[in-house]
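**Q** Sequence order for the protein chains is H and V. Under the numbering used here, the letters of the first sequence match residues 6 to 206, in that order. Under the numbering used here, the letters of the second sequence match residues 47 to 296, in that order.
Among these hints, one or two may not hold up.
To be verified - Take a look, some chain H residues computed to stay more than 10 Å from chain V by CB distance:
1. R25
2. G58
3. E59
4. W66
5. T67
6. D82
7. S188
Unchecked claim - Computed Cβ-Cβ distance ranges for the label pairs, DEER-style:
8. V:T187 <-> H:P28: 31 to 41 Å
9. V:E210 <-> H:V47: 33 to 43 Å
10. H:S188 <-> V:W58: 19 to 29 Å
Derived from the structure by calculation, the hints contain no laboratory data. For glycine and all other residues, C-beta sits at the position ideal for the given N, C-alpha and C.
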Amino acid sequence: MAFISRGFRGKRRDTASGSRVPPGQHVVDDFPVLSAGPTPRVPLSEWSFSIVGELDEPKTWTWDEFRRLPSETVSVDIHCVTKWSKLDTSWTGVSVETILEGVETAADYAVAYCDGGYTTNLPVDDLRGRQAWIAFEYDGQPLDPEHGGPARLLVPHLYLWKSAKWVRGISLQAEDEPGFWESNGYHNRGDPWREQRYWGD
Amino acid sequence: MARAAVLGRLTWQLGEVAELIQETPRVSSLVLDVPDWPGHLAGQHVDVRLTAEDGYQAQRSYSIASAPESAQVTLTVERLPDGEVSPYLVGELRTGEKVELRGPIGGYFVWRAGEERPLLLIGGGSGIVPLMAMIRHHAATAAAAPVRLLYSSRSIEDVIYKDELARLTADDTGLAVAHTLTRSQPAGWEGYSRRIDGEMVAEVAWPKKDAPAVFICGPTAFVETASSLLVESGYDPAWIRTERFGATGG
Numbered sequence: 006m007a008f009i010s011r012g013f014r015g016k017r018r019d020t021a022s023g024s025r026v027p028p029g030q031h032v033v034d035d036f037p038v039l040s041a042g043p044t045p046r047v048p049l050s051e052w053s054f055s056i057v058g059e060l061d062e063p064k065t066w067t068w069d070e071f072r073r074l075p076s077e078t079v080s081v082d083i084h085c086v087t088k089w090s091k092l093d094t095s096w097t098g099v100s101v102e103t104i105l106e107g108v109e110t111a112a113d114y115a116v117a118y119c120d121g122g123y124t125t126n127l128p129v130d131d132l133r134g135r136q137a138w139i140a141f142e143y144d145g146q147p148l149d150p151e152h153g154g155p156a157r158l159l160v161p162h163l164y165l166w167k168s169a170k171w172v173r174g175i176s177l178q179a180e181d182e183p184g185f186w187e188s189n190g191y192h193n194r195g196d197p198w199r200e201q202r203y204w205g206d
Numbered sequence: 047m048a049r050a051a052v053l054g055r056l057t058w059q060l061g062e063v064a065e066l067i068q069e070t071p072r073v074s075s076l077v078l079d080v081p082d083w084p085g086h087l088a089g090q091h092v093d094v095r096l097t098a099e100d101g102y103q104a105q106r107s108y109s110i111a112s113a114p115e116s117a118q119v120t121l122t123v124e125r126l127p128d129g130e131v132s133p134y135l136v137g138e139l140r141t142g143e144k145v146e147l148r149g150p151i152g153g154y155f156v157w158r159a160g161e162e163r164p165l166l167l168i169g170g171g172s173g174i175v176p177l178m179a180m181i182r183h184h185a186a187t188a189a190a191a192p193v194r195l196l197y198s199s200r201s202i203e204d205v206i207y208k209d210e211l212a213r214l215t216a217d218d219t220g221l222a223v224a225h226t227l228t229r230s231q232p233a234g235w236e237g238y239s240r241r242i243d244g245e246m247v248a249e250v251a252w253p254k255k256d257a258p259a260v261f262i263c264g265p266t267a268f269v270e271t272a273s274s275l276l277v278e279s280g281y282d283p284a285w286i287r288t289e290r291f292g293a294t295g296g
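Just chain H, same shape as in the assembly (with noise of 0.2 Å):
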């Protein structure tokens, strides 16, 4: 039974939305920034994206051999573990069953990798079955530096901090190796509607 604090109301949302929203999150309207570093800044001419690890041969896009694969625009709802959720968001990108289409590999789990050294890990199955993008839009413009642009992994059933800015590839690996903040107190896994923010959750 929690503690009753005396006096306290709250500022309650209208159930529809309130559906959508998991335990502990609230809804906001403009876009938090959240970074454990500065903002890297690659141009575009140095940029690529590959897949690496566990398969037969790495496979490596340029950005403009990224941007002719197919892509495609997702409205989705996204949390992110500092409580915020923002609800309809709208994102293009290339999902990663595109990315991973022709890729053989009995690897179950992946970590995606990023300029600045972030990483985070998945199960494979996380970033299968068109839920997970390198998305490259944010509502129809190119997505800012601030919040991972050029590109970044958008995995919006997890917490936000799984939806890597500014990856630069995904390593698929046999073994689960925990990421920048999943070593840092963070969930291995981060199911927000399982509300698993910390180790032990």
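Keeping the supplied structure of chain H fixed, place chain V upon it in accordance with the hints.
**A** Okay, now just chain V, sitting in the frame of chain H:
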């Protein structure tokens, strides 16, 4: 104290308000007695949870302002006009009442007194709070690393911990503080009077040959500006750790 960043499962605990300190017109410190507090590192935060009588709950994160050496846990909270939790913590909550919290959280934006590199702290507004935990940790341990703080506030009335910072500077603890006031300045003000810029950073920051440890905390635009200026001046991005406060802390 300060045994580890995060140990196992973080459970909700009750902290009792031992003291409320009004720091500025909008900011108060809550000094909490937390009986089973596991200890924390300077720079970490906690989650606070409020529950209404009908079971409705709201959670927010707040930085810890107290040093790991302190017996009590101090949170410094800015009251946001449209906030949900902060107006309760700053305004409704009284001394002797209790509040639910769990922590400490975060293992990256932390500084330990054993680190010998010079320390550069850059704070905007209530972004000073986790940096103050580091400054207090530094003072409590008489740490050897020299510290420079660049602290941006709107006006002199908005400067959190003003007297304590002045005292620590005067006590020759190895702390030097540069204030900038961006909106209004009192008569005879001798600090900076503008938003953070390259010239200011060049005057306050350690030369890059010193390879300092850098912690920057504040609103997003402030953190972006400060970190970009340092990287442009030749700082290795890996030296710089950031924490950002949006307008939506609540």
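**Q** Are the hints correct? Go through all of them and say.
**A** Right, here's what the structure says about each hint:
1. With a least CB separation of 17 Å from chain V, R25 of chain H remains clear of the 10 Å interface cut-off, as annotated.
2. With a cut of 10 Å on Cβ distances, G58 of chain H stays outside the contact zone with chain V, its closest approach being about 24 Å.
3. Against chain V, the non-interface label of E59 of chain H holds: every CB pair exceeds 10 Å, the least being about 28 Å.
4. Once the 10 Å rule is applied to beta carbons, W66 of chain H is consistent with being away from chain V; the minimum gap is 25 Å.
5. Non-interface status of T67 of chain H relative to chain V is upheld: no Cβ of that chain comes within 10 Å, the nearest being about 24 Å off.
6. Taking the minimum C-beta to C-beta distance to chain V, about 16 Å, the non-interface status of D82 of chain H holds against the 10 Å cut.
7. Once the 10 Å rule is applied to beta carbons, S188 of chain H is inconsistent with being away from chain V; the minimum gap is 8 Å.
8. Distance hint check for T187 of chain V and P28 of chain H: the Cβ-Cβ separation is about 39 Å, which falls inside the suggested range of 31 to 41 Å.
9. Checking the proposed 33 to 43 Å range against E210 of chain V and V47 of chain H shows it holds: the Cβ atoms sit about 42 Å from each other.
10. A C-beta distance of roughly 24 Å is found between S188 of chain H and W58 of chain V, which places it inside the suggested range of 19 to 29 Å.
In summary, the structure is inconsistent with hint 7 from the numbered list given earlier, while agreeing with all the others.
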